[in-house]
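Trainee: Sequence:
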Amino acid sequence: FLSGELWLLLSLFPFAPACTVFTNTWAVHIPGGLEEADQVASKHGFINYGHVSKMLYSFILLLQLCTVTWAEQQVSKQRKKRDTYQEPLDPKFKDQWYLYNSNHRDLNAKAAWQLGYTGKGVVVSILDDGIEKNHSDLMENYDPNASYDVNDGDPDPQPRYTQLNDNRHGTRCAGEVAAVANNGICGVGVAYNAKIGGVRMLDGEVTDMVEAQSLSLNPQHIDIYSASWGPEDDGKTVDGPAKLAKEAFLHGVTEGRGGLGSIFVWASGNGGREKDSCNCDGYTNSIYTLSISSSTQNGNVPWYSEACSSTLATTYSSGNLNEKQIVTTDLKSKCTDSHTGTSASAPLAAGIIALALEANKNLTWRDMQHLVVRTSHPAHLLTNDWRTNGVGRKVSHSYGYGLLDARAIVSLAKTWTSVKPQRKCVIPMVCEPRNIGAHLSINMSVDACIGTDSHVTSLEHVQARLTLSYNRRGNLAIHLISPAGTRSTLLHPRPHDYSSEGFNDWAFMTTHSWDENPTGKWTMEIENVAGASDYGKASFSFFLSFILSVNQFIIHPMSCKKQELKSVNSVHLSLQKVKKHGLKGSN
Numbered sequence: 001f002l003s004g005e006l007w008l009l010l011s012l013f014p015f016a017p018a019c020t021v022f023t024n025t026w027a028v029h030i031p032g033g034l035e036e037a038d039q040v041a042s043k044h045g046f047i048n049y050g051h052v053s054k055m056l057y058s059f060i061l062l063l064q065l066c067t068v069t070w071a072e073q074q075v076s077k078q079r080k081k082r083d084t085y086q087e088p089l090d091p092k093f094k095d096q097w098y099l100y101n102s103n104h105r106d107l108n109a110k111a112a113w114q115l116g117y118t119g120k121g122v123v124v125s126i127l128d129d130g131i132e133k134n135h136s137d138l139m140e141n142y143d144p145n146a147s148y149d150v151n152d153g154d155p156d157p158q159p160r161y162t163q164l165n166d167n168r169h170g171t172r173c174a175g176e177v178a179a180v181a182n183n184g185i186c187g188v189g190v191a192y193n194a195k196i197g198g199v200r201m202l203d204g205e206v207t208d209m210v211e212a213q214s215l216s217l218n219p220q221h222i223d224i225y226s227a228s229w230g231p232e233d234d235g236k237t238v239d240g241p242a243k244l245a246k247e248a249f250l251h252g253v254t255e256g257r258g259g260l261g262s263i264f265v266w267a268s269g270n271g272g273r274e275k276d277s278c279n280c281d282g283y284t285n286s287i288y289t290l291s292i293s294s295s296t297q298n299g300n301v302p303w304y305s306e307a308c309s310s311t312l313a314t315t316y317s318s319g320n321l322n323e324k325q326i327v328t329t330d331l332k333s334k335c336t337d338s339h340t341g342t343s344a345s346a347p348l349a350a351g352i353i354a355l356a357l358e359a360n361k362n363l364t365w366r367d368m369q370h371l372v373v374r375t376s377h378p379a380h381l382l383t384n385d386w387r388t389n390g391v392g393r394k395v396s397h398s399y400g401y402g403l404l405d406a407r408a409i410v411s412l413a414k415t416w417t418s419v420k421p422q423r424k425c426v427i428p429m430v431c432e433p434r435n436i437g438a439h440l441s442i443n444m445s446v447d448a449c450i451g452t453d454s455h456v457t458s459l460e461h462v463q464a465r466l467t468l469s470y471n472r473r474g475n476l477a478i479h480l481i482s483p484a485g486t487r488s489t490l491l492h493p494r495p496h497d498y499s500s501e502g503f504n505d506w507a508f509m510t511t512h513s514w515d516e517n518p519t520g521k522w523t524m525e526i527e528n529v530a531g532a533s534d535y536g537k538a539s540f541s542f543f544l545s546f547i548l549s550v551n552q553f554i555i556h557p558m559s560c561k562k563q564e565l566k567s568v569n570s571v572h573l574s575l576q577k578v579k580k581h582g583l584k585g586s587n
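For what it's worth, the working numbering labels the leading residue of the sequence shown as 1, then goes sequentially.
Hints listed in this document are in silico derivations from the structure and should not be mistaken for laboratory results.
Heads up, a few of these hints could be off.
Pairwise CB distance ranges, derived in the manner of DEER restraints [unchecked claim]: (1) 505 with 121: 38 to 44 Å; (2) 250 with 374: 23 to 29 Å; (3) 162 with 34: 33 to 39 Å; (4) 499 with 94: 45 to 51 Å; (5) 421 with 487: 28 to 34 Å; (6) 184 with 499: 50 to 56 Å; (7) 87 with 477: 47 to 53 Å.
Just so you know, even glycine gets a beta-carbon here, dropped at the ideal spot from N, CA and C.
Make a model of the complete structure from these sequences and hints.
Mentor: Next up, the structure:
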């Protein structure tokens with residue numbers, strides 16, 4: 001993801017942290033190459049740990065004999081009669097209510113399997129605390145080329161065992177995707193013939209480099225990356241990917257899968273009890289991730305769920321004590337029926353996306369988001385904020401476009417024509433600072449760059465990049481109204497957020513205006529919900545970032561003053577800050 005440039009890990013002596021915790025690791029950019037990097041490291045007392053964007057892989061030595069023209073080790077293949085569909089015989093399948101049940105309050109997975117789609121030929125990697133690769137219900141589908149231990153720097157992603165089973169999270173997520181079918185063990189994965197790998201990256205110091213290495217692992221082999229973690233869901237944190245992770249995301253969607261783009265599936269967050277907003281999480285709030293929320297068995301908003309405008313769709317997970325949870329693999333080759341939180345929702349979505357990729361391997365990362373928007377549905381999901389957007393689709397801040405439907409998405413995937421290349425139209429909205437007061441409303445007439453190569457006629461994502469100072473950030477609510485009248489809540493009040501830091505060029509994102517025409521009047525509203533005693537100023541601007549036939553709309557804050565671009569032509573250093581991540585599950 002670093003365009004062929006050399007990024008190295010160098011270790012220095014440890015030092016005592018103050019409030020901000022730093023590691024003894026540096027990221028260094030040295031255009032001279034590996035030999036020069038080694039010389040620089042040695043001269044200054046560093047240790048060179050190698051190229052950041054490349055992992056160490058095992059190579060196979062092929063021995064050719066002149067008398068042998070072809071050789072292949074034979075494998076035992078399963079062959080089944082095609083007259084009937086055989087339901088999985090695994091003992092816990094009957095408890096996997098979210099895959100199939102008689103009242104059809106499910107993800108319609110069985111119907112997709114009946115069409116012949118089980119994830120075959122698709123590779124999924126779980127970015128988490130490791131994967132028990134020798135688990136009896138995962139072994140057959142385990143893929144070492146989709147796995148790595150970033151924490152310890154070796155190819156083995158086996159989790160570290162503890163008395164409290166702290167590192168079971170990744171193994172549980174993996175089973176949801178690709179637990180083997182018809183082996184008499186536990187249950188089945190949504191894509192039970194997909195290949196599954198795992199990256200051990202949460203069981204240690206999590207830095208920008210650790211995230212970047214994980215997000216960029218083997219992108220020509222791995223199709224889907226599933227992540228059920230993020231910044232603290234405490235209702236006061238605003239955090240997201242840093243420089244290297246941002247580059248990894250961009251490299252993934254532009255270069256991954258042969259240019260079709262890596263697919264990143266993300267859990268939307270578990271901060272509901274703290275009144276958190278997933279739009280303050282820069283991972284779920286990214287246009288490059290497919291953000292997934294949760295519904296309980298009875299179709300209610302779970303107590304842990306976060307509402308925000310960046311969520312694209314929903315799968316099932318845990319709820320109240322009288323509602324069932326998720327069945328999956330557990331440590332020490334065990335099985336559990338108590339996987340919970342949005343941690344459990346994202347892998348189910350990754351599995352359904354694997355079914356769609358099997359139906360059409362030529363889908364781009366943006367195609368997949370279009371398929372999700374078009375085939376998800378409100379179903380029986382209960383909330384009071386379902387609204388109809390400008391193109392007639394139901395959308396919610398709690399559920400996005402609704403419940404994923406495995407059969408619907410594979411059916412549409414088979415005949416889908418890829419969207420055209422993405423276009424971006426940037427239109428500044430406001431430069432000079434404005435006093436927010438009790439309520440600030442700003443209108444902007446937008447022509448969507450008509451008459452230029454950046455002209456956009458149909459939206460995908462809309463980003464509002466905002467810079468503001470405010471004495472109590474948590475008292476603010478921010479709304480964006482499209483020309484079609486679709487009202488997106490970019491930020492709802494967060495009562496635990498007492499910060500006076502405001503927002504610094506933060507990109508709020510909404511998917512609620514998908515397919516709308518951006519031309520016309522846009523309105524941004526910033527509201528102080530606590531009263532006139534609060535004060536602050538805002539400066540921001542509009543960006544339209546679209547595609548040709550189906551486009552992306554983005555609003556970003558910009559300064560009226562030109563910003564100086566500082567560059568060092570020889571060496572770039574990036575000190576890595578240890579980041580705290582929360583698993584998006586309650587266990």
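Trainee: Sort out which numbered hints this structure fails and list those numbers smallest first.
Mentor: none
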